[in-house]
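2 protein chains.
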Amino acid sequence: MSKEITSREQDYSQWYNDLVLKGDLADYSAVRGCMVIKPYGFALWENMRDVLDRMFKDTGHQNAYFPLFVPKSLFEAEEKNAEGFAKECAVVTHYRLKNDPSQPGKLMVDPEAKLEEELVVRPTSEAIIWNTYKGWIQSYRDLPILVNQWANVVRWEMRTRLFLRTAEFLWQEGHTAHASKEEAIEETRKMLDVYADFVENWMAVPVIKGVKSPNERFAGAEDTYCIEALMQDGKALQAGTSHFLGQNFAKAFDVKFSDKENKLDYVWATSWGVSTRLIGALVMAHSDDDGLILPPKIAPIQVVIVPIYKGDEQKALIDVKAHELVKKLKGLGISVKYDNSDNSRPGWKFAEYEMKGIPVRMAIGARDMQNNVVEVARRDTKEKQTVSMDGIEFYVQTLLEEIQLHIYNKAKTYRDEHITKADDWNTFVNLLDTKGGFISAHWDGTAETEEQIKEQTKATIRCIPLDAKEEAGKCILTGKPSSVRVLFARAY
Amino acid sequence: MSKEITSREQDYSQWYNDLVLKGDLADYSAVRGCMVIKPYGFALWENMRDVLDRMFKDTGHQNAYFPLFVPKSLFEAEEKNAEGFAKECAVVTHYRLKNDPSQPGKLMVDPEAKLEEELVVRPTSEAIIWNTYKGWIQSYRDLPILVNQWANVVRWEMRTRLFLRTAEFLWQEGHTAHASKEEAIEETRKMLDVYADFVENWMAVPVIKGVKSPNERFAGAEDTYCIEALMQDGKALQAGTSHFLGQNFAKAFDVKFSDKENKLDYVWATSWGVSTRLIGALVMAHSDDDGLILPPKIAPIQVVIVPIYKGDEQKALIDVKAHELVKKLKGLGISVKYDNSDNSRPGWKFAEYEMKGIPVRMAIGARDMQNNVVEVARRDTKEKQTVSMDGIEFYVQTLLEEIQLHIYNKAKTYRDEHITKADDWNTFVNLLDTKGGFISAHWDGTAETEEQIKEQTKATIRCIPLDAKEEAGKCILTGKPSSVRVLFARAY
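Chains as they are written, first to last, in this note's numbering: chain B, 1 to 492; chain S, 1 to 492.
The hints are simulated quantities; they were obtained by calculation from the structure and are not laboratory data. Mixed in with the good hints there might be a few duds.
The list treats identical chains as one, so a pair stands whether inside a single copy or across any two.
[What the hints assert, rightly or not] List time: in silico DSS-like cross-link candidates among lysine-lysine, alpha-carbon distance up to 30 Å: (1) Lys474 with Lys260; (2) Lys263 with Lys349; (3) Lys22 with Lys256; (4) Lys297 with Lys106; (5) Lys134 with Lys263; (6) Lys87 with Lys235; (7) Lys349 with Lys337; (8) Lys98 with Lys114; (9) Lys469 with Lys190; (10) Lys260 with Lys454.
In this text the structure is predicted, and so the values were computed from the model without any measurement.
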């Protein structure tokens, strides 16, 4: 095999990097912390984006586009938001380079081209958008505004990981404006449901819906709802967030509307987003030591067909049959690649497509042709079947559905087995160090306790699950009374 | 009417701004030279993007994504490209803001967070992409690379216009790598044809395919091919460009490949792009003094239905019929909006949808219901017809095709009438000042003459048409010999 992957057991973190790089999803770039999303990785993102975009439109949202830059005076208007993002933002200060007189052929910043006001490269767009909404909203008739934006954003993180944490990333950010608090909260919850639906039913990653503790809230939000997923190393990953922003941004940007009784009030806001980080979650939730495992519903290529032949004559015969097969599969809307290139041998191709996580591989040899059969291998379980060519397209269609379900169920079983209750500190710490996963425990509700637990164990409160039941208990750290269990975990 | 538009005759430039703003395509923003693309404008861009994206994929291209930032040392590597863009680039110099001790509640750039190397916000991505391709290309087997990117770019233009020239704009940029010069030139020409196909057959804007004079070439290109369109004020607009880059970027970034004989050579390159500027072209090519006129094939809404009723009982009856109609139209893939809102009167709605350029408007009143008819008005010619409800969806389908064709033919007739030959200087200047359009004239082939003509008349060489015939003549300015006519025009 040409491409060696580090095993999960050996080095989980290196395993992940190997998959991303050797699976052709992304590449490092010359810019610190920024990545190149390669065509195969981008095709995966396109599939994810297209499904989400359809979901947003089906729930009444429209896309729009707002500037990349946020003038400093707008950036600082909502204080908590500004404080949250000021420490990690890229700042444009000049609008021109000029020849460097001391180094021929080199350029330097032209000191005469200094901007009067610095521009922040958007880390998130609440500020620029709410400054715009001010001009769009006068009356309740202008509400709701249900807008989404697909964009790049920049957060100058110090420690970066491909997809999981990059200085620049792609995402969508919904920004909605409402006439009432109730309507805004309903929107926040609705979009959380959309995210959960997408991540579970398309990405095949089970999630827990919950609300963040105040410490983990989005800077500027009244409440942050989230979906939390579990990776194979027992660490949690926040897969999407939906924020109820209250009237914070409306107040910061003075956005008021007159209601039906002609009374003025500030507008209520939400924002919600998912990013290319989801690709990191996808990789870590399903893949194995031989490469990626992609769920059929979003895989860029669902089926690959590899011919096995000796000589041009055999190849020509198989080509004819394979093209028929491609046509039948495409007729059912299945994306398929026929790889009859002479550059590499079947064994190499098998390993390559295993690495890339293509859900179904079909191999056709000369004898298969004679027997009117084809070998079908599924990527997830590695099971192989010899299947008759007659009606093979329907067999594959059903198989793809089975694989989707199987991948989800496997991840869900693992996840469910890794939600463990802890009722005392030793058990709590022990579980984190040995088993990992989510620890369901009582917490006294204070930021201080949360902070102390984080310092001592690196575990954070991932969420207070929406379906959490009232239950009298004692805080895992302080022993103070608590009425509900929350989920702790170490997280990406 | 609630929204007044300046007429073209009165002030063409203001007419254009009125259409963009009042037609709800875009809005000014708080960032100098940057615009907000509003949902209606963005839906138009999405339709354009989706068609182009399909065309790119059908010609073998894949999408990818490269970083927003270009480190200065990469930016300056290809000298001509750097020189061309250095004067108008946004530069990131710092990665953090901090509290301003002298102004509570305000932020300032943190001088301790200065980047070691400045980052240019990409004005175009050749540099960052060719630096990446270096790692992807070793042998002829790695070629061709046929990659496209949909992205935002920033060029710090001093004088900006909504869509036509903005500091930040959205575009696509294709970047391909080839093993031979011939193949790269073939790709350059193929993508020019794709652009011409799109602009003519989807946007209904006729274009002239040509090649730029050296003065007007893309910085770093060996040859720039272009499509040129004509606006209603007689000014030309460059609608798309496709560049043959030779080995310039391969040499600047040391990208070599070994050919079949194992000989090393530099890789051949192309790049090609169209941007949101196309929306400006679309607006100016077709619209009239009552608002936008959008070609049906890319209009966000193709048909609007307005009910005309008195009282809730009539409204309820018309609603039923209109929903049937909506269903029939959608069944044929026609996008349709039924506006039965009570907020505004039919007359206001008519004006609003005229402003927004919706190709077909249908009005249904109580008497129409009785007679089983509907009033159908087309936006382009403003003709109205009373049409039977039976089979109305097929009537509308055909009408949309007719409108698409009519808009194109109208623009083409105007364009063809505005290509005028000039064989002496006076005629040339006179034509520019009175009739406008393209002036077909001889030019001695020197950059100096081109520059002088530009200084004296503000006209530039738009292109040397690909179908230009050899013809002995004399340069319009210098009288020196010339063998082919080129097209001059004042341009956006």
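Taking the hints in turn, this is what the structure says about them:
1. Lys474 with Lys260: neither (48 Å within a copy, 73 Å between copies)
2. Lys263 with Lys349: between (68 Å within a copy, 27 Å between copies)
3. Lys22 with Lys256: So Lys22 and Lys256 pass the 30 Å test across copies only (22 Å; inside, 52 Å).
4. Lys297 with Lys106: neither (49 Å within a copy, 48 Å between copies)
5. Lys134 with Lys263: Within one copy, since 17 Å is at most 30 Å while 63 Å is not.
6. Lys87 with Lys235: Close inside one copy (26 Å), not across copies (48 Å); limit 30 Å.
7. Lys349 with Lys337: Intra 12 Å, inter 50 Å, cutoff 30 Å: intra-copy only.
8. Lys98 with Lys114: Intra 12 Å, inter 19 Å, cutoff 30 Å: intra and inter.
9. Lys469 with Lys190: Close inside one copy (21 Å), not across copies (63 Å); limit 30 Å.
10. Lys260 with Lys454: neither (48 Å within a copy, 59 Å between copies)
In summary, the structure is inconsistent with hints 1, 4, 10 from the numbered list given earlier, while agreeing with the others.
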